[in-house]
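J.: Now for the letters of each chain:
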Amino acid sequence: MSAPKNNARYASRRRGNFIATVLSVGAACFGLTWLLLILTVLVVKGVGGLSPSVFSEMTPPPGGEGGLLNPIMGSLIMTIMAVLIGTPLGIMAGTYMAEYGRYSKLTMIVRFINDILLSAPSIVIGLFVYELMVATMGHFSAWAGAVALAIIVIPVVVRTTEDMLLLVPNTLREASAALGLPQWLVIRHVAYRAARAGITTGVLLAVARITGETAPLLFTALNNQFFSWDLNAPMASLPVVIFQFALSPYEDWQQLAWTGALLVTAAVLALSILARMLASKRVPS
Amino acid sequence: MDMALQPAPLPGIATGDASRARALRRFNVGDRTFKTLTQVSAITVLVILAGVMISLVRGSLPAWQAFGLDFFTTQSWNPVTEKFGALPAIYGTLLTSFIAMLIGVPVSLGIAVFLTEICPERLRRSIGIAIELLAGIPSIIYGIWGLFIFAPFFQTHLQPALIDLFANVPVLNQLFAGPPYGIGLLTAGLILAIMVLPFITSIIREVFETVPPVLKEAAYGIGCTRWEVVRRVVIPYTRVGIIGGVMLGLGRALGETMAVTFVIGNAHRIMPSIMAPGTTISATIANEFTEATGDIYTASLVALGLILFLITFIVLAAARLMLMRIERKAGK
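Protein chains in written order, with our numbering: chain V, 199 to 483; chain D, 44 to 375.
No lab work stands behind these hints, which were simulated from the structure alone.
Positions of the beta carbon are idealized from the N, C-alpha and C atoms, including for glycine.
Possibly wrong hints are sitting among the right ones.
[What the hints assert, rightly or not] PhoX-like, lysine-lysine: derived pairs with alpha carbons at most 25 Å apart:
id : chain 1 : residue 1 : chain 2 : residue 2
1  : D       : LYS78     : V       : LYS303
2  : D       : LYS259    : D       : LYS78
3  : D       : LYS259    : V       : LYS303
[To be verified] What follows is a set of in silico ranges between Cβ atoms, one per label pair, in the way DEER data are often shown:
id : chain 1 : residue 1 : chain 2 : residue 2 : range
4  : V       : LYS303    : D       : GLY221    : 55 to 61 Å
5  : D       : VAL72     : V       : TYR301    : 24 to 30 Å
6  : V       : LEU445    : D       : GLN217    : 43 to 49 Å
7  : D       : PRO315    : V       : ASP428    : 49 to 55 Å
8  : V       : VAL223    : D       : ARG282    : 19 to 25 Å
9  : V       : GLU449    : D       : GLU334    : 34 to 40 Å
10 : D       : ARG274    : V       : THR238    : 32 to 38 Å
11 : D       : PRO315    : V       : VAL223    : 51 to 57 Å
12 : D       : ARG282    : V       : LEU234    : 41 to 47 Å
13 : D       : PRO149    : V       : PRO259    : 34 to 40 Å
Work out the full structure, taking the sequences as your base and the hints as a guide.
T.: Printed below as a string of C-alpha cells:
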C-alpha cells in the first residue's frame with residue numbers, strides 16, 4: 199500500500215469500503231437485536247405463567263383458573279396424525295424422484311410443484327381442507343386439522359428425502375444390485391439405511407414447521423374448551439388457543455397466551471436443534 | 044442403470060430350481076408394486092396442488108357470479124348488504140409486503156455480506172445457525188409480540204415523531220398522517236420485515252457461498268477493497284439467486300397470516316395514510332371465515348384465497364426458476 203499514485207482516488211475507495219462495512223455490521227446488529235428482543239420478551243413474559251397447572255388443567259373461562267392441557271394434547275394428537283399421514287406419502291414420493299425416476303419428466307414437474315407447495319400460504323391450505331372435508335362432512339373436526347397439517351408436512355419430507363437419497367453414493371446401489379437384489383430391496387435395505395439420519399431430519403423439520411402453524415387449523419380443527427379423544431369433533435390446539443387468548447381482553451387469558459407461545463417456541467427450537475444435530479452426522483460423503 | 048438392476052434372466056429352470064423361480068417372481072412383483080406405489084405418491088403431490096386450485100375455484104364461484112371482475116375494483120366489504128370487493132385487501136397485502144421488502148431486503152443483504160465477508164470465522168458458524176433457527180420461529184410469535192410490545196411502543200414513541208417529522212413535507216404528510224393507533228398497515232409491514240429477515244438472510248448467505256473462492260481471491264489479488272469485491276464480483280455473480288431469494292421472501296410475506304392479523308386493524312378501507320388500520324387477504328380470511336354467514340360471504344372469502352394463491356404461485360414459481368438457474372450454474 200505504499201504511496202498509491204492517486205491519493206484522492208485511493209482515499210475515496212477506502213472511504214467507500216469503510217461505509218459499506220459499517221452499514222453491513224450495522225445491519226447485522228440491527229437484525230439480530232430485533233430477533234433477540236423478541237426472544238427475550240417471550241421468555242420474560244412466558245416464564246411468569248409457567249406452573250404445573252399449565253400442564254394439568256383445561257383452558258379456563260375468563261377469570262377462572264386453568265391451564266393449557268387440552269390445547270397441548272390437541273396439538274400433540276393432530277401433529278402425530280399429520281406425521282403418520284404425511285410422512286409415508288412424502289418418503290415414497292421422494293423415493294420415486296431419487297430412485298426410479300431420477301431423470302424423468304414427472305420428477306422435474308413434481309419437484310417444481312413441490313417447491314411451490316413448500317412455501318404456499320398455509321391459510322390457503324386451510325381453505326382447501328375446509329372445502330374438502332369440513333364442508334362435505336358438515337362439521338369441523340380434528341381429522342380435518344390433521345389433514346391440513348399433513349399437507350404441510352408432505353412437501354418438507356419430499357424435499358429432504360429426495361435430497362438425502364441423492365447423496366447416497368451410486369456405488370452402494372451398484373454393489374447390492376450386483377449381488378442380485380432387485381431395485382426395491384436395494385432401496386429399502388441400502389439406500390434408506392444410508393439416508394436414514396437425513397430423512398429423519400426432514401421429518402423433524404416438518405414437525406417443527408407444523409408445531410406453530412395456526413392458519414390452517416383456524417377453520418379445520420377450530421377449537422374446543424375441553425379435551426376429547428374424538429377425532430371427529432373439533433379439537434383445541436396451542437397456536438389457535440394462543441391466537442384466541444391473545445386477542446381477548448382478559449389478562450389471565452393473555453398470560454396463558456404468552457405461556458403457550460413460549461412452549462411452542464421452545465418446542466420448535468428444540469426440534470430444529472435436534473434435527474441439526476442429526477443432520478451433522480449423516481451419510482459419510 | 045435400470046438394466047443392471049433387473050434380476051438376471053432365468054436359465055432353464057429345472058425342478059430343483061422351483062423355489063428359486065418363485066423367489067425371482069416375488070422379487071419382480073415386489074419391484075413393480077413398490078415402483079407403482081412411489082410413483083402414485085409422487086403424483087399425489089401434483090393432485091394436491093390441482094385439488095387446492097379446483098376447490099378454491101369451485102368454492103368461490105358464487106362470488107364471481109355475483110360480482111364478476113368488479114370484485115377486484117370494489118372497495119366495499121359489507122356483510123349486511125352482501126356487497127363484497129377485494130380491493131382493500133389486495134391493497135393491504137401488496138402494501139405491507141412492499142414495506143417488508145423495502146426494509147427487509149437491504150438489511151438481509153447487509154447481514155449476509157457481514158456473515159460471508161466480514162465476520163470472524165469462529166463466529167460465522169454460530170451466527171449462521173442462530174439465523175436459521177430464527178427463520179423457523181412460528182409466525183404467531185411475531186404476531187403476539189407485535190400486538191403487545193411493538194404496537195404500544197410504536198404508538199407512543201415512533202408514530203408521533205414520524206407524524207411531526209413529515210408534517211410539512213408535501214407527499215409524506217399524507218402517508219404519515221395521524222392519529223397514531225399503534226396498529227395498522229405500517230406496523231404490519233414492519234413486523235413482516237422482521238419476520239422475513241432471517242428467512243431471506245439464510246437464502247442469500249447460501250447463494251453467496253456458491254461464488255467460487257478463486258474469483259474473490261483474484262479480485263482481492265489485484266487490490267480490490269472488500270466492498271469492491273462484494274459489489275463487482277459477489278453480487279453480479281449471484282444476482283439471479285439473490286432475486287430468487289428475495290422473491291421467496293416476498294412469497295412468504297404475501298401469504299403470511301398470523302404475524303399480520305394481530306396488528307393490521309381489520310378495516311376494509313383504503314386510507315391515504317399508511318399508518319391507518321387496513322387489512323390483508325390472509326388477515327381477512329383468518330378473522331372472518333368462521334363467522335361468515337351466507338353463501339356469498341363465504342364464497343367471497345374463498346375468492347380472496349384464490350387471488351392470494353394465484354399471486355403467490357406466480358411469485359414463487361418465478362423465484363424457483365431463478366434459484367434453479369443459479370443452482371445449475373453452481374453445479375458446473
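J.: Evaluate each hint against the coordinates.
T.: Here is what the structure says about each hint:
Our distance criterion of 25 Å between C-alpha atoms is met by D/LYS78 and V/LYS303, whose separation comes to about 16 Å. Restraint check: the Cα-Cα separation between D/LYS259 and D/LYS78 comes to about 46 Å, which exceeds 25 Å; the hinted pair is violated. Distance check on the hinted pair: D/LYS259 and V/LYS303 sit about 37 Å apart at the alpha-carbon level, beyond 25 Å; violated. V/LYS303 and D/GLY221 have their C-beta atoms about 58 Å apart, which keeps the hinted 55 to 61 Å range intact.
The hinted range of 24 to 30 Å is satisfied by D/VAL72 and V/TYR301, whose Cβ atoms lie roughly 25 Å apart. V/LEU445 and D/GLN217 have their C-beta atoms about 30 Å apart, which leaves the hinted 43 to 49 Å range violated. For the pair D/PRO315 and V/ASP428, the beta carbons lie near 51 Å from each other, so the given range of 49 to 55 Å is met. Judged by the Cβ atoms, the range 19 to 25 Å given for V/VAL223 and D/ARG282 holds: they are separated by roughly 23 Å.
The supplied range of 34 to 40 Å is broken by V/GLU449 and D/GLU334, whose beta-carbon atoms lie about 25 Å from each other. Roughly 35 Å separates the CB atoms of D/ARG274 and V/THR238, a value that falls within the hinted 32 to 38 Å. At about 37 Å, the CB distance of D/PRO315 to V/VAL223 disagrees with the hint of 51 to 57 Å. Restraint check, D/ARG282 to V/LEU234: a C-beta distance of roughly 31 Å breaks the suggested window 41 to 47 Å.
Remark: the range hint 34 to 40 Å for D/PRO149 to V/PRO259 is contradicted by a beta-carbon distance near 48 Å.
Violation of the numbered hints given earlier is confined to hints 2, 3, 6, 9, 11, 12 and 13; the remaining hints are satisfied by the structure.
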